[in-house]
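Work the whole structure out from these sequences, hints included.
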Amino acid sequence: MGDGDEKGGNGFFVAQCENDAKVDLTTCKTTDISIEIVKTGGRFGDIVKGLETEITGALRRSLAKNLTTLCEK
Numbered sequence: 001m002g003d004g005d006e007k008g009g010n011g012f013f014v015a016q017c018e019n020d021a022k023v024d025l026t027t028c029k030t031t032d033i034s035i036e037i038v039k040t041g042g043r044f045g046d047i048v049k050g051l052e053t054e055i056t057g058a059l060r061r062s063l064a065k066n067l068t069t070l071c072e073k
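At position 3 of the sequence shown the residue is numbered 3 (UniProt numbering), and the sequence of numbers has no breaks.
If you are wondering where the hints come from, they were derived from the structure by calculation, not from laboratory data.
Among the hints, erroneous ones may be present.
Label-pair distances were calculated between CB atoms; the ranges are [stated by the list, open to error]:
(1) 68 to 36: 35 to 45 Å
(2) 50 to 72: 30 to 40 Å
(3) 73 to 43: 34 to 44 Å
(4) 47 to 72: 18 to 28 Å
(5) 73 to 50: 28 to 38 Å
(6) 25 to 46: 33 to 43 Å
25 Å max Cα-Cα, derived SDA-like pairs, lysine to any residue [unchecked claim]:
(7) 49 to 71
(8) 73 to 63
(9) 49 to 16
(10) 29 to 71
(11) 73 to 21
Quick reminder that beta carbons are idealized off the backbone N, C-alpha and C, glycines included.
Structure follows, in structure tokens:
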């Protein structure tokens, strides 16, 4: 994420995430969503790390919504 290379040297921030989710394809319900920011970098990497809870929460909500939409198609 962000505008930069892998180390964050050329951009504002870089964040590497790991995620896992389970989707019941019979009901299209998403459960057990896990998103973790495992690495940050760049000029604003510390800010991203400081907002980790808010960012991962937003990513979880978005992932659940998009997986449900994809499943229903």
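Hints, verified against the model:
no.	hint	result
1	68 to 36: 35 to 45 Å	violated, 21 Å
2	50 to 72: 30 to 40 Å	holds, 36 Å
3	73 to 43: 34 to 44 Å	holds, 39 Å
4	47 to 72: 18 to 28 Å	violated, 36 Å
5	73 to 50: 28 to 38 Å	holds, 37 Å
6	25 to 46: 33 to 43 Å	holds, 40 Å
7	49 to 71	violated, 32 Å
8	73 to 63	holds, 16 Å
9	49 to 16	holds, 11 Å
10	29 to 71	holds, 9 Å
11	73 to 21	holds, 18 Å
Violated hints, in rising order: 1, 4, 7; the structure is consistent with all others.
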